[in-house]
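Could you slot chain B onto chain A? The hints should help.
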Amino acid sequence: MKNRLKVLRAERDWSQQALADRLEVSRQSVNAIETGRYDPSLPLAFRIADVFGMPIEAIFLRD
Amino acid sequence: MTGTKEKTTGRTARFWAGLLLGTLGAIAGLALSGAIDADTALVLMLVPVIQTIPLMRAAGRHRDGTAGGLCGKGEAQKRYTKRVALFTALYLLSFGILTFATTEGDPAFALRSVLAVLPGLAVIGIFWAVGRLIIEEQDEFIRMLVVRQSLIATGIALSAATVWGFLETADVVPHLDAYWVAVAWFLGLFAGAVSNRIEYGSWGAV
Chain A
1 MKNRLKVLRA ERDWSQQALA DRLEVSRQSV NAIETGRYDP SLPLAFRIAD VFGMPIEAIF
61 LRD
Chain B
1 MTGTKEKTTG RTARFWAGLL LGTLGAIAGL ALSGAIDADT ALVLMLVPVI QTIPLMRAAG
61 RHRDGTAGGL CGKGEAQKRY TKRVALFTAL YLLSFGILTF ATTEGDPAFA LRSVLAVLPG
121 LAVIGIFWAV GRLIIEEQDE FIRMLVVRQS LIATGIALSA ATVWGFLETA DVVPHLDAYW
181 VAVAWFLGLF AGAVSNRIEY GSWGAV
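Protein chains in written order, with my numbering: chain A, 1 to 63; chain B, 1 to 206.
Hints listed in this document are in silico derivations from the structure and should not be mistaken for laboratory results.
Keep in mind that a hint or two might mislead.
Under 10 Å between C-beta atoms, here's a sample of chain A residues computed to sit facing chain B [unchecked claim]:
(1) K6
(2) N31
(3) P40
Derived DMTMM-like pairs (lysine to aspartate or glutamate); straight-line CA-CA distance at most 20 Å [as the list claims (entries may be wrong)]:
(4) K82(B) / E136(B)
(5) K2(A) / E57(A)
(6) K2(A) / E140(B)
(7) K78(B) / D21(A)
(8) K78(B) / E168(B)
(9) K6(A) / E24(A)
(10) K6(A) / D50(A)
(11) K6(A) / E57(A)
(12) K2(A) / E136(B)
(13) K6(A) / D39(A)
(14) K78(B) / E136(B)
(15) K78(B) / E24(A)
Derived list of chain B stretches under chain A, where covered just means 3 residues or more per stretch with a C-beta under 8 Å from a C-beta of chain A [stated by the list, open to error]:
(16) 132–143
(17) 195–206
In this text, a Cβ means the ideal position worked out from N, Cα and C, and glycines have one as well.
The following block holds chain A by itself, in its conformation from the complex (with noise of 0.2 Å):
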């Protein structure tokens, strides 16, 4: 699955880190989703739709 994670924090100018403390997961969590290695559970997909205020399917994209 496709997400625009990398373009979205990059625009709020935000580290990996800084997203991961937000999302209360490891940086290495927040680097595996970003890269498209890990798909995350639909719980975790909310967290990172109300992180940026934006619904799931503006973040995550169909193959």
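Chain B alone, transformed into the frame defined by chain A:
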């Protein structure tokens, strides 16, 4: 405690990996040359197992560029490390008592049985610690890595035990005591961590 941690955090992953491989090579060399017996080799094999902890920490620091733990977060990982340290100490103690009792004397069957069960219980404690880490870890990605690592270790240990068993039946290899399956599992955890690093870019937490 703090001083020890500072000393540990000062070393690089390359240093710990070299030390681990050197230790494995030294133990294998001593065992193959007959300088140490199987019991001694088993006790010494705990050293490289323990060395994987600072190795993972150093690798995690290298990736993070921070002085944090294995994966930045980690109350569950801290509890896991403490539990493994406790059960490793209990294992060394109980195995030492068992070795001393059987070499220096001839304890009764009941006492010998109890002493022989204790090291096994300590190793079960380490398995339990891994299980608790999977339950307590709040980070789903890290939890997935630990599960994956454990499954790889289990696959390696069971496969090795099965193949060795048939080779032993055919008199191709010498007899090995069953507890070597646990040693194979711990080495499998290292293989699992390497697989995680390659597949997901992170070593995991064990």
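Results for each hint:
1. K6: Hint on K6(A): violated, closest Cβ of chain B at ~14 Å, above 10 Å.
2. N31: With Cβ-Cβ at 6 Å, under 10 Å, it holds.
3. P40: holds (7 Å)
4. K82(B) / E136(B): Satisfied, since the Cα-Cα distance of roughly 14 Å is no more than 20 Å.
5. K2(A) / E57(A): holds (11 Å)
6. K2(A) / E140(B): The hint holds at about 19 Å.
7. K78(B) / D21(A): holds (18 Å)
8. K78(B) / E168(B): At roughly 41 Å apart (the allowed maximum being 20 Å), E168(B) and K78(B) break the hint.
9. K6(A) / E24(A): holds (17 Å)
10. K6(A) / D50(A): holds (16 Å)
11. K6(A) / E57(A): Satisfied, since the Cα-Cα distance of roughly 15 Å is no more than 20 Å.
12. K2(A) / E136(B): With a Cα-Cα distance of about 29 Å, the restraint between K2(A) and E136(B) is violated, given a limit of 20 Å.
13. K6(A) / D39(A): holds (14 Å)
14. K78(B) / E136(B): Holds, at about 11 Å.
15. K78(B) / E24(A): Within the cut-off at roughly 17 Å; holds.
16. 132–143: holds (count 5)
17. 195–206: This one holds; 4 residues, not fewer than the three required, reach chain A with a Cβ under 8 Å.
Hint violations for this structure: numbers 1, 8 and 12, all remaining hints satisfied.
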